[in-house]
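In order, the protein sequences belong to chains A and B.
Take the first sequence: its letter number 98 is residue 98 in my numbering, and every next letter is one higher.
For my numbering, count along the second sequence from 1 and bump the result up by 1000.
Since the hints were made in silico from the structure, they are not lab data.
Just so we're clear, the structure is a prediction, and the values are computed from it rather than from any experiment.
C-beta atoms are modelled at their ideal positions from N, C-alpha and C, and glycine is treated no differently.
Hints are not guaranteed to be accurate.
Stated by the list, open to error - Here are some of the chain B residues that sit facing chain A, going by a computed Cβ distance under 10 Å: (1) K1040; (2) M1041; (3) T1044; (4) Q1049; (5) A1221; (6) P1228; (7) R1232; (8) A1251; (9) T1497.
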Amino acid sequence: MTTRKVFFAAALAVIAHAASAQGDPKRGEKVFEECRACHAIEKGSNGVGPSLHGVIGRRAAELDDFRYSPAFKRANITWTRQNLDAFLADPQKLVPANRMPYAGMPEAKDRADVIEYMQRILK
Amino acid sequence: MATRLKEVDAVIVGLGWTGGILAKELSAAGLKVVALERGKMFSTAEDFQVPQVRDELRYVQRHELMQNAARDTLTIRNNPNQEALPMRRLGSFLPGEGAGGSGMHWSGHTWRWTDMEFKVRSRYEERYGKSFIPADMTIQDWGITYAELEPYYDKFERVAAVSGKAGNIDGQIQPGGNPFEAPRAREYPLPPLTPILANEVFSAAAKNAGYHPFPRPSANASRAYTNPDGVRFGACQYCGFCQRFGCEANAKGSPHMTVIPIAMRNPNFELRTHAWVSKILKDASGKRVTGVTYTNVLNGEEFEQPASIVLLTAYALNNVHLMLLSGLGQPYDPVSQKGVIGKNYCYQTGAGATLFFEGRNFNPFMSAGGSSASADDFNTNWDFDRGKHGWIGGYNLSSGFNTALPIGYRPVPRGTPAWGKEWKAATAKWYQTAMNVGVSGSVMANRYNYFDLDPTYRNAFGQPLMRMTFDYKENEHKMGRHAAQVINDLAKSMNPTRLNEATARTEPWTVVPYQSTHNTGGTIMGTSPRSSALNKYLQSWDYHNLFVVGANVFAHNASYNPTGPVGALAYWTADAVKRYTKNPAPLVSA
Chain A
1 MTTRKVFFAA ALAVIAHAAS AQGDPKRGEK VFEECRACHA IEKGSNGVGP SLHGVIGRRA
61 AELDDFRYSP AFKRANITWT RQNLDAFLAD PQKLVPANRM PYAGMPEAKD RADVIEYMQR
121 ILK
Chain B
1001 MATRLKEVDA VIVGLGWTGG ILAKELSAAG LKVVALERGK MFSTAEDFQV PQVRDELRYV
1061 QRHELMQNAA RDTLTIRNNP NQEALPMRRL GSFLPGEGAG GSGMHWSGHT WRWTDMEFKV
1121 RSRYEERYGK SFIPADMTIQ DWGITYAELE PYYDKFERVA AVSGKAGNID GQIQPGGNPF
1181 EAPRAREYPL PPLTPILANE VFSAAAKNAG YHPFPRPSAN ASRAYTNPDG VRFGACQYCG
1241 FCQRFGCEAN AKGSPHMTVI PIAMRNPNFE LRTHAWVSKI LKDASGKRVT GVTYTNVLNG
1301 EEFEQPASIV LLTAYALNNV HLMLLSGLGQ PYDPVSQKGV IGKNYCYQTG AGATLFFEGR
1361 NFNPFMSAGG SSASADDFNT NWDFDRGKHG WIGGYNLSSG FNTALPIGYR PVPRGTPAWG
1421 KEWKAATAKW YQTAMNVGVS GSVMANRYNY FDLDPTYRNA FGQPLMRMTF DYKENEHKMG
1481 RHAAQVINDL AKSMNPTRLN EATARTEPWT VVPYQSTHNT GGTIMGTSPR SSALNKYLQS
1541 WDYHNLFVVG ANVFAHNASY NPTGPVGALA YWTADAVKRY TKNPAPLVSA
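Model the full assembly from the supplied sequences, consistent with the hints where possible.
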């Protein structure tokens, strides 16, 4: 992880209460099971959804080897912890008409934990 | 002239659930396996993405995942005195095509059939006497027991990610499950799906009536799940597009995302798509089959694939058709009642009521394939006395939604005009307010319900079509009337604003509209070569290196959906084939 990304994540942790650094990555790994049917954690391994390796800090629809929906291509967002939190809470609200078949993760703690897992493990 | 290919250990004809299970199991056991599939390969990422998978026109009207009736179909008649005519468009049942087969577009309902079916004749005779079974009702015991199959049911439920609630674990009745189910060794791999309003309304009324409602077990993952083979399932999204559609969330247990990819990673296994098997070949001794002939439908090239073992695992109807086309075994004759190939074809019956509750919103567009509450008081409940009613079999009572299509699902009270302004007003008014109560009923085998080759009509390969002779008999009429009464009494107890009452199906059966894809029989398993085509290991009595797997082995049809025993029997047969390879001989002496 670059210094810039660490700084960025730390700064966000202060700003975004819901996605605070209090997340528990171990629990987050369990929560991430919900994502694993479609998303691999290995680099370059795309399934129904794109690989989530290094997703935090990445631009939406950035991978060359995955066919994104027009909604993600148009989205013009970066997967900051804050954006990821908003997206996971209600995927269709942040990126309307996206194709991810997932209704959302209503619990803020689940989101914080899974984002912490993604931040630490999937770098 | 067919090109003769190198011999393999086993050739699999048709790659759905049964072919996929056998492909995975046998290639893992070290056999060289080739699967021939007439359709194409499917993947969730390429074929079932939203939004294009949400296309009622493409998948429901144009049958994208189904067989093309312009290439091959059946001829149909109700009784042997009629001339059968070809079914030129799919209707009443929808066989799938492609690697994954009907296992991609099913709803996931996964039941365990019990000894009430497997020992049907002996049990009814024992309880009600020999004369209780009508002379023309050719029901017979299957030669297998529930206890033998239990571990294989368990295996299939875990592979396919079945969500449900056990009702009987090792003889202990479990609250919330089906008290009439046979004992299970353990709980379902996943908890039941979240009930929808129709389930709750039905369950409350059913309990009031003294019935025992429970959530329907279904291969729709109620939460994220990894199966014993390491296949990851997403959680069901209750999208409302299950039956006839592939699942974009990998939440519906399907062969194309479970057993087939595992087989394909094994170098012992090879899949050839677009390969249409037209004949099974036999040797001069008449005791062994030697392989199959197939055509590459993309270029018309013909091949002969020799194999030490032939596994027929196509859709039930196509397995029987291939046996008849290949002259394997003695065709069944309803007059002399000799012969076994084509015998005991069975369908299913049903009845349903629609209940309208002004002011209530049932949200029919939000459901899983298995969003049903069921009750088996008139099905697997052996204490229910059929003697008083004079019919054999059973029906599963249920309510819920499964794929209430945006265009096709238009409930309106009876008497509403079928088109125009009034219809539009009625469909807008009642769409949200309707729920249903219905049954799926068994069909007992009958002497005059059977398959043979049609004398007139041929398929795209010039081969005779298979002829289906079928109608509901008095037994099913009686059961249907009983079911309609139970449904209507229950529906009235719920005080709906309007009610479309249930009626029994007593008119001659027709191939329209869609009714059920649960076709059974034709190459049945049993205890003797005189009365069945296959032994209890689904091995041909006549050709010991031929195994035929699918609902075509069922000696009659129960109320339940067939995929539970179809999957379990595929695993059961895989074990039998592994034993067979060590000592290639009949596994049961005739």
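- Query: Looking back at the hints listed earlier, which ones does the structure fail to meet?
  - Reply: Violated hints (numbers, rising): 1, 2, 6, 9; every other hint is consistent with the structure.
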